[in-house]
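Peer 1: Sequence:
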Amino acid sequence: MAITPGVPQLNTPTGCPLTAAVNAIGGRWNLICLYWLDAGPKRFNELRRLMPDISHKVLTETLRNLEQEDLIRRTVHSTTPAHVEYAISEHGDSVRPLVHAVRLWGREHLGHIAKPESDAAL
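Under our numbering, think of the first position of the sequence shown as 1, with each following residue one higher.
Don't read these hints as lab results, they were simulated from the structure.
Since the structure is predicted, the reported quantities are computational estimates derived from the model, not experimental observations.
For glycine and all other residues, C-beta sits at the position ideal for the given N, C-alpha and C.
Heads up, a few of these hints could be off.
Derived Cβ-Cβ restraints for the label pairs, each shown as a range [what the hints assert, rightly or not]:
#	residue 1	residue 2	range
1	Ile113	Ala82	42 to 52 Å
2	Pro116	Thr60	21 to 31 Å
3	His109	Thr80	41 to 51 Å
4	Val22	Arg43	37 to 47 Å
Turn these sequences into a full structure, and let the hints guide you.
Peer 2: Take a look at the structure:
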């Protein structure tokens, strides 16, 4: 799709695939949450321990958003006391390669920004 200067482009989840992707997996914690859930189902407090910088409220919102996007599933186990587990959904499986690609890029990026400025200019 060519972008014509001066012509507003439809930038909604239904009109733009990139916007739809960013809406689904963008945000500070979404990919990190998906990364940890890739290893297997986790309970809420397990995720909190794995991501100590996330607040209870933000983790709750992140999990709700990922569930709303059908990237994770929430399972309530009927035990006493009841507990809830979060896992990657069938649709969420499609995001796994992206999560790992972003992680690999992040590793390379950390190496790049750690180089002294004289090396970066080469």
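Peer 1: Per the hint of 42 to 52 Å, is the separation of the Cβ atoms of Ile113 and Ala82 within bounds?
Peer 2: holds (45 Å)
Peer 1: Could you check the hint for me, namely that Val22 and Arg43 are 37 to 47 Å apart, CB to CB?
Peer 2: violated (28 Å)
Peer 1: Would you say the C-beta atoms of His109 and Thr80 sit inside 41 to 51 Å of each other?
Peer 2: Cβ of His109 to Cβ of Thr80: about 47 Å, so the range 41 to 51 Å holds.
Peer 1: The hint says 21 to 31 Å between Pro116 and Thr60; measuring C-beta to C-beta, is that right?
Peer 2: violated (42 Å)
Hint violations for this structure: numbers 2 and 4, all remaining hints satisfied.
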